[in-house]
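Protein chains: 4
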Amino acid sequence: MSDQGEIAPLFLEERHTKNTIVLHRLKRVLYSGRTRYQRVDVVEMFDYGLSLVLDGQIQSTAADEWIYHETLVHPAMVTHPKPVDVLLIGGGEGATAREILRHNTVRSLTMIDIDQEVIELCKRLLGEFHQGSFDNPRLRLVIGDGRAVLDAQPDNSLDVIVVDATDPIEGGPAALLYTREFYEIVRRKLRGDGVMVTQATSTFYSADCYASVYRTIKSVFGNAYAYYVWVPSFTSAWGFVLATRRGSPRELGEEEVRKRLEERSVSGLRYYSPELHRALFILPAYLNEALEQRGRIVTDDSPVFIPI
Amino acid sequence: MSDQGEIAPLFLEERHTKNTIVLHRLKRVLYSGRTRYQRVDVVEMFDYGLSLVLDGQIQSTAADEWIYHETLVHPAMVTHPKPVDVLLIGGGEGATAREILRHNTVRSLTMIDIDQEVIELCKRLLGEFHQGSFDNPRLRLVIGDGRAVLDAQPDNSLDVIVVDATDPIEGGPAALLYTREFYEIVRRKLRGDGVMVTQATSTFYSADCYASVYRTIKSVFGNAYAYYVWVPSFTSAWGFVLATRRGSPRELGEEEVRKRLEERSVSGLRYYSPELHRALFILPAYLNEALEQRGRIVTDDSPVFIPI
Amino acid sequence: MSDQGEIAPLFLEERHTKNTIVLHRLKRVLYSGRTRYQRVDVVEMFDYGLSLVLDGQIQSTAADEWIYHETLVHPAMVTHPKPVDVLLIGGGEGATAREILRHNTVRSLTMIDIDQEVIELCKRLLGEFHQGSFDNPRLRLVIGDGRAVLDAQPDNSLDVIVVDATDPIEGGPAALLYTREFYEIVRRKLRGDGVMVTQATSTFYSADCYASVYRTIKSVFGNAYAYYVWVPSFTSAWGFVLATRRGSPRELGEEEVRKRLEERSVSGLRYYSPELHRALFILPAYLNEALEQRGRIVTDDSPVFIPI
Amino acid sequence: MSDQGEIAPLFLEERHTKNTIVLHRLKRVLYSGRTRYQRVDVVEMFDYGLSLVLDGQIQSTAADEWIYHETLVHPAMVTHPKPVDVLLIGGGEGATAREILRHNTVRSLTMIDIDQEVIELCKRLLGEFHQGSFDNPRLRLVIGDGRAVLDAQPDNSLDVIVVDATDPIEGGPAALLYTREFYEIVRRKLRGDGVMVTQATSTFYSADCYASVYRTIKSVFGNAYAYYVWVPSFTSAWGFVLATRRGSPRELGEEEVRKRLEERSVSGLRYYSPELHRALFILPAYLNEALEQRGRIVTDDSPVFIPI
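One line per chain: the protein sequences are A, B, C and D, in this order.
Just so you know, we're using this note's numbering here: the first sequence kicks off at 1 and counts up by one.
Just so you know, we're using this note's numbering here: the second sequence kicks off at 1 and counts up by one.
Just so you know, we're using this note's numbering here: the third sequence kicks off at 1 and counts up by one.
Just so you know, we're using this note's numbering here: the fourth sequence kicks off at 1 and counts up by one.
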């Protein structure tokens, strides 16, 4: 997997908690700096290749970004019968947009990111991730506060909303993208078949946070479908929550998923598959229990944070 | 999750590779030593509680040993229509035995471990894990080489064989429990409905090793069913391979699994469930591809090792 | 220096600051716990052997405790023309007492330590350090607050006072052993030829703290003699400050030091020597400058802390 | 000392041995790469500022490079009554040259470094270190093998030779700069008052190496003067060995050193001083003993290496 013999003294430290710390040996550091919003490091790891790190948290790596991005995007896109107008908050690498744009039903994708400097860095350094999606004419990039820009959209105007923000940390830019008030805006902007999905932090290290996001979304939409995926470079499983204005992703069988992907000319997937779609939503017993019993309704007044 | 404010300067280092290293902060160290076969550390982690570590690799922790042990044991046990005589290689903590013995069809469980000192330590320090299974009259504990003891059993005498050995590392005690010659012995000892299962190392950090184990078992049994589970304290997903003399675990629907568990009075599971059984065997696209295309047949002459 | 090939996954982490962190690989952990006053770890390091660690800071190791203890004790003891009554605060390992008791002029050594549990652990586990000094009939061990016990001594009753406390950290037991009010007590208890010495933290990582201790002692005694020694296991140089009621350690030539050591039958020293005595007090230019220009007078109301 | 609150996930790992490892938190990485000869990292540390790292070993940092460079250079330069022609092997940062050129007696300094890429990086990124010394008309820079270039000089043509090479590691570029054959060349090139000095690795982590260098030089010159200095960023004391064709650095008193520095207009020193000169050569008892009793004569056939 790696040139293990080489002397290479640089490491990236990622903390799950104060007590579980991962060190990633680096080949080189392409960029380190602080934008108006966050610390940014673009590094090349021995085991995971090129990586984007925001405020010390790995966002995605060349080795497995497709695991995360396919799993974030396709269950929601497939659950919608015909996604035309899509909105994305976050996803600065351009890889979430890349996956959304695979669906040829999409006519417009509004991508909102708060941090212009991160976007510029990703455009310049992470071509391997965005694969030109920033130049796709169907993409409209807006630099601004995701919540404010979403709020300014007409009601009932979107088919799918994807929230790919950084984790909620104190002082970070994303805390108000995980609250009841935010999800109420999301729901209002969706059309009748509308679907939303959000990343929801680690299922283990921030299990309470994951459960709180789940519970808060459920309180707004009346339903919520939790699923997760193990992302190697995160050294953790990662949680997601999907919700719909009506219908359920669990109703779609393997054949229907295959049909939708084919109709939309979605091909070249490496993680997600028709066979996998329904299995994603079958959780182990303890996680079902945690989601139902832990957590709380998150509000703007009382946001939730991950425990680092 | 943890008393994060406390000063606590001890860490356990676990290496996935030379380039991905995890540090676990420790409350205390209950035991450190070297047996005839391996380095043993019994520690209490802040994030995972009491833990057994062999040759620097975490074997199981109080926080999530049930994730690993339930997933290792129950798919194989349930796949067999009526497991009566079971043999287990490894599993020194006694937790694998604990899960096997939940099935009241089991009349005899032969557990073989090479390292008496580890067994004694586990009996004494890890009551939370074995929960008395060492005292279960259906359990027969044999100290010895797992392969030799298995080879000495009559042919066609076992219903399920579970291999819960340490990872294959150079100089470690387990390298010859992952070879074609070994699996040929396993197959010969199984009765006509017999099922085997083995842990098969990390699906990512030792993907080639995982694929090789899969391919080697498939070459012996004519079939092999790979599955995996994310174990938080391993900071990785863990691979397993199940094989049968006839039949497939994928044929068992949710209702049949529920019926078998109920008939055998298996209750109190926290991870495995009837709903989950079939989903476990649905792998992401890339893993299906890796298992079919990577790896090689492993033989006694040319064993496989994990890359640390 | 070490069995480098052996797998040994335990580390002690010592932080100089949040940005300079040292990891020491451990053979084993003999004890970990929390007394009423502090976290205690007794460990065996590969590179330094048996070690006492309090609140995450290495106090002394078998490999080099004599460097620290000889350098703390002998300059002060030798500077005094005839030390008979000596008082020691801290030094729980018993090694500071061991060095003091080498001087056969000493009739009584009062050793005060706040933490009975640490003393008991050291007696039991660190025989290599104390070498029986706890059983020396000239030693009187008092468990209690060092400052309070010292304050209860008669004025003008002591020849040498050695302060071997832990570093001043917030919430730690030693902060009030580095203030002007404390040093005023020290001075009052010394006889006319009296000498005091204290450890004074790292000369680099806590240079301001070192300078403050120096300046505070100088303000009380009218003189202060800074010196330091590099202690390998501290991965830092360590500072000391000596002060006298009259006279200066810099006035003692090599021959006079040799004569005093011989008269008192002090032998077997591994670090300190007559030739070295005066050289110890010759500091590099930057350290002279730092001591004179940095730091402040430390008071009970405004204690100083090291920056971890 | 540092902005401790900032999230900054990059670290430099420096290994003293496999068992003592130091992690330095980084603000940023200015360069990482591999030249023909070695791995090069130029980083900015929180605690030590800008730093040059070769093959994972810190060469010098802004915070304390003057401690190392003054101590390497001035004892030898001052010991020589009038250094005119000086030769330097290594010292790519330009800071060793900077210190040599402070002595206005120097008419020519030949600096030889094997690694042109390192020199170019230092010129470009480490102005703080070389302070323009590369542009000094008295400096002649030669890219080449230090030993070969030295060997090509006329015999009896140099006053001072300074060896500031990297540590001897297997496969590294410097192993043959620490052997008897090399020191024989050095001696032959020196004039009758000639003085040489070399860095000699850590006094603790590579004590055998230090003693071997000392012993080897002594065998060639008939004398050798060991001294050392604690360099904070090395988290270790660093050894040096000085030798002369005749005379001893220990004969120079404080006044003579002051006079020589003044005559040569050497000013602005931060570490070395007339008072310190003689004290530098007074070693603790254990180090005197180690130097006399450990180590061996190093030859080209049997080089010495540090234990990493």
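FYI, nobody ran anything at the bench for these hints, they're computed from the structure.
Heads up, a few of these hints could be off.
[To be verified] Distance windows between CB atoms, simulated: (1) B:R246 to A:E255: 49 to 55 Å; (2) B:G171 to D:S157: 38 to 44 Å; (3) D:L125 to C:F134: 55 to 61 Å; (4) B:S265 to A:E289: 20 to 26 Å; (5) C:N288 to D:D155: 49 to 55 Å.
[Claimed, not checked] The calculated PhoX-like cross-link candidates involving lysine-lysine, where the alpha carbons are at most 25 Å apart (straight line), are: (6) B:K123 to B:K218; (7) C:K123 to A:K18; (8) D:K123 to C:K18; (9) A:K18 to C:K27; (10) A:K27 to D:K123; (11) B:K27 to D:K18; (12) B:K27 to C:K27; (13) C:K218 to B:K123; (14) D:K259 to D:K27; (15) A:K27 to C:K27; (16) A:K18 to B:K259; (17) C:K18 to C:K123; (18) D:K18 to A:K27; (19) A:K123 to D:K259; (20) C:K27 to D:K18; (21) B:K18 to D:K82; (22) A:K27 to B:K27; (23) B:K27 to C:K18; (24) B:K27 to C:K259; (25) B:K259 to B:K82; (26) D:K259 to A:K18; (27) A:K82 to A:K259; (28) D:K27 to A:K27.
[Stated by the list, open to error] With the Cβ distance kept under 8 Å, some of the chain B side facing chain C (calculated, not the full set): (29) I7; (30) L12; (31) V29; (32) E255; (33) E256; (34) F281; (35) I282; (36) P303.
Predicted model, so just to flag it, every value in this text is computed and none were measured.
All residues carry an ideal CB built from backbone N, CA and C; glycine is no exception.
Results for each hint:
1. Roughly 29 Å separates the CB atoms of R246 of chain B and E255 of chain A, a value that falls outside the hinted 49 to 55 Å.
2. Remark: the range hint 38 to 44 Å for G171 of chain B to S157 of chain D is contradicted by a beta-carbon distance near 56 Å.
3. At about 56 Å, the beta-carbon gap between L125 of chain D and F134 of chain C stays in the expected band of 55 to 61 Å.
4. Taken as a hint, the range 20 to 26 Å holds for the pair S265 of chain B and E289 of chain A, whose Cβ atoms sit roughly 21 Å apart.
5. The hinted window of 49 to 55 Å between N288 of chain C and D155 of chain D is violated, with their beta carbons roughly 43 Å apart.
6. For the given pair, K123 of chain B sits about 35 Å from K218 of chain B by alpha-carbon distance, which is inconsistent with the 25 Å threshold.
7. Proposed proximity of K123 of chain C and K18 of chain A is contradicted: the alpha carbons are some 33 Å apart, above 25 Å.
8. Pair hint K123 of chain D plus K18 of chain C does not hold up; C-alpha atoms about 31 Å apart against a cutoff of 25 Å.
9. With a CA separation close to 24 Å, the supplied pair K18 of chain A and K27 of chain C stays within the 25 Å bound.
10. A distance of roughly 23 Å separates the Cα atoms of K27 of chain A and K123 of chain D; the hinted pair therefore holds under the 25 Å criterion.
11. Between K27 of chain B and K18 of chain D the CA atoms are separated by roughly 24 Å; this keeps the pair inside 25 Å, and the hint holds.
12. Only pairs whose Cα atoms come within 25 Å are accepted, and K27 of chain B paired with K27 of chain C is accepted, the gap being roughly 17 Å.
13. Restraint check: the Cα-Cα separation between K218 of chain C and K123 of chain B comes to about 61 Å, which exceeds 25 Å; the hinted pair is violated.
14. Restraint check for K259 of chain D and K27 of chain D: the C-alpha separation of about 43 Å exceeds 25 Å, so the hint is violated.
15. A hinted pair counts as satisfied when its Cα atoms are at most 25 Å apart, and K27 of chain A with K27 of chain C does not qualify at roughly 31 Å.
16. At roughly 44 Å between alpha-carbon atoms, K18 of chain A and K259 of chain B are farther apart than 25 Å, so this suggested pair is violated.
17. As the CA atoms of K18 of chain C and K123 of chain C are separated by approximately 33 Å, the hinted pair breaks the 25 Å bound.
18. A hinted pair counts as satisfied when its Cα atoms are at most 25 Å apart, and K18 of chain D with K27 of chain A qualifies at roughly 20 Å.
19. Annotation: proposed proximity of K123 of chain A to K259 of chain D is violated, straight-line Cα distance about 62 Å (limit 25 Å).
20. Between the alpha carbons of K27 of chain C and K18 of chain D the distance comes to roughly 13 Å, so the proposed pair stays at or under 25 Å and holds.
21. At roughly 52 Å between alpha-carbon atoms, K18 of chain B and K82 of chain D are farther apart than 25 Å, so this suggested pair is violated.
22. For the suggested pair K27 of chain A and K27 of chain B, the alpha carbons sit about 33 Å apart, so the restraint of at most 25 Å is broken.
23. Proposed proximity of K27 of chain B and K18 of chain C is supported: the alpha carbons are some 20 Å apart, at most 25 Å.
24. The suggested pairing of K27 of chain B with K259 of chain C is violated, with an alpha-carbon distance near 51 Å, which exceeds 25 Å.
25. For the suggested pair K259 of chain B and K82 of chain B, the alpha carbons sit about 12 Å apart, so the restraint of at most 25 Å is met.
26. Taking the CA atoms of K259 of chain D and K18 of chain A, the gap is near 57 Å; set against the 25 Å cutoff, the hint is violated.
27. Using a Cα cut-off of 25 Å, the hinted pair K82 of chain A and K259 of chain A holds, with the two alpha carbons roughly 12 Å apart.
28. With a C-alpha separation of about 17 Å, the suggested pairing of K27 of chain D with K27 of chain A holds against the 25 Å cut-off.
29. Hint status for I7 of chain B relative to chain C: holds, with the closest Cβ pair at about 5 Å, below 8 Å.
30. For L12 of chain B, the shortest C-beta to C-beta distance to chain C is roughly 5 Å, which falls under 8 Å, so the interface hint holds.
31. Residue-level restraint check for V29 of chain B holds (minimum Cβ-Cβ distance to chain C is 4 Å; threshold 8 Å).
32. Here the hint on E255 of chain B is broken, as its CB sits about 45 Å from the closest CB of chain C, past 8 Å.
33. Here the hint on E256 of chain B is broken, as its CB sits about 43 Å from the closest CB of chain C, past 8 Å.
34. With a least beta-carbon distance of about 34 Å to chain C, the hint placing F281 of chain B at the interface is violated under the 8 Å criterion.
35. Taken as an interface hint, I282 of chain B does not check out: its beta carbon lies about 35 Å from the nearest beta carbon of chain C, beyond 8 Å.
36. At a threshold of 8 Å, the smallest CB-CB gap from P303 of chain B to chain C is about 19 Å, leaving the interface hint violated.
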